[in-house]
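Asker: Sequence:
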Amino acid sequence: MTPRLLLSFIVSYLLLGVSPLPIKGQIVPDLTLPNQSDVNLNGNIFEINGGTTAGKNLFHSFSQFSVSTGSEAFFNNPLTIDNIISRVTGGQISNIDGLISANGTANVFLINPNGIVFGNNASLDIGGSFFGTSAESIRFADNSIFSATEPTATPLLTISTPVGLQLGQNSGAIQVQGTGHNLTAPSIFLPINRGLNNSSLQVKPGNTLALLGSNLTLDGGILTGEGARIELGSVSQSLVSLNPPSGTIDKWSLGYEGVQNFGDIQLLSQALVDGSGVTTSSIQVQGRHIQLLDGSIILIQNQGFQPPGTINVNASESLEMSGTNPNGEISSSLQSEVVGLSKGGDIEVSTQHLLIQDGGLIVTRVFSNAPGGNILVKASESAQFLGFGNADTRAVSSGIGATTFSGGDAGDAGDVAVFTGNLTLLGGGSISSSTFGASSGGDVTVKASESVELVGAIPILLQPSILSATALNEGDAGSLTIKTSRLVVLDGARIDSSTLAMGSAGSITIDASESVEVSGTVAGAINPSVIISSANIVDPILQQLFRLPPV
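With my numbering applied, the sequence shown corresponds to residues 1 to 551, in that order.
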């Protein structure tokens, strides 16, 4: 090596302050702050000191921020710091496949307008909340801005609280990669077995895990937070508010008031968003087109005594849940379960078009002596429940269900309400609330301004497309209410509020302002289309299959 080349290498090394070998990842300060970040590589650990402190905010600015497999980015912050606010200005995506850690209970903001990819081995070890975003800038209560796209225009850094994230027209995507969950559900009579899942992004109880980008993909990725709030958001050219904990909301949350431009969110390859545990968790998902595919699931399993949180999914244009995992045990779904002694969490969905097909589900289920969560669906244009998922030997209807298996008298199933323009249940699609125990089933309410259509059944099994509120044990069935212009029940489909055991049947109320049509049978069978509320004597085979008591 010539003297000139050697000198050039040494100068580059000193300016970077880190190893030049990309195998270790790269965390490189950009020298734009009054007090610069200081990065030292000790083995596989990038120790990040320095930065500019303003009150309880600590600011860092990097030209590159990536953490490779087996490496750690350690923010060695003072314990007095509340917020570690880090921007990435160099124009490269942040690839995180190692650990991000910090001292104390500081919240960590990682802002890279070019996007962030969390790999299979990405993890968090922080005491506060984590915000991973492709925002261009973060705004504060005093109207100051910390920009990642105009770093040289940084004003006097502020002591104020962060209040907003500004995403631009060209903000990048957020990706979380992984190998998918290991959930099992061998029987409908048992709660989901969460088991041991692969590595995940996780925050501690009482905190928020938020990912916000122009598009957001969880490809086998896993996010968990017992007693936490999990936020998934996708927007462009918009300001998303940051709402700190207050008297009514005990965790950081994102607000989308006034946002017009949403992006897409996909959960693929058995992705998992899990807020289960003994303390209250909430999950919010906000985007344009939102898809859950391949057995991907958003889950809260309430295992304790505290009040429940809510699963809230808002898709400005469409929400799709389709398919199951390979063995058919886990549907692409939104699920809230009760195994503790507090009420189950509600599930609320808002969109223009809802499509649930090939075994997709929205369900709340009760396995203890506590009430189940309610399900509220608002699909302004259409709600479609099509067919079934068929994997191995299991066929799973596509639909909505609130079910109780409780043997006590306080474990009532939740209510189900669907408000839409056109409702379609085809090829075995279902909307139901049922009791398999001593507690009561919930009420089912459907209001469709244009039409309600139920058509056909699952082939071979002859399981009909159905709207139902049924009792299959000692508990009483709930009521079933339908209000629409046109009601169509064809080819063996059913509207049913019956009892198949000792509990009482429920009532059915139908208000169809234009017409009601009920005709046809299941193809290849004699089962007629029917609207019915009755007490039935059940075939012994069905009695055994559904564990129904003798009548």
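Simulated from the structure, these hints should not be mistaken for lab results. One or more hints might be untrue.
[What the hints assert, rightly or not] Computed cross-link-like contacts, DMTMM-like style, restricted to lysine to aspartate or glutamate with a CA-CA straight-line distance of at most 20 Å:
| hint | residue 1 | residue 2 |
| --- | --- | --- |
| 1 | 483 | 450 |
| 2 | 378 | 474 |
| 3 | 378 | 329 |
| 4 | 447 | 358 |
| 5 | 483 | 514 |
| 6 | 204 | 72 |
| 7 | 56 | 142 |
Asker: Each hint: holds or not?
Answerer: How the hints compare with the structure:
1. 483 <-> 450: Distance of about 10 Å is within 20 Å: holds.
2. 378 <-> 474: Cα-Cα ~32 Å, so violated.
3. 378 <-> 329: 27 Å, violated
4. 447 <-> 358: This hinted pair is violated, its Cα atoms lying about 24 Å apart.
5. 483 <-> 514: Holds: residue 483 and residue 514 sit about 11 Å apart, inside 20 Å.
6. 204 <-> 72: Holds: residue 204 and residue 72 sit about 19 Å apart, inside 20 Å.
7. 56 <-> 142: 15 Å, holds
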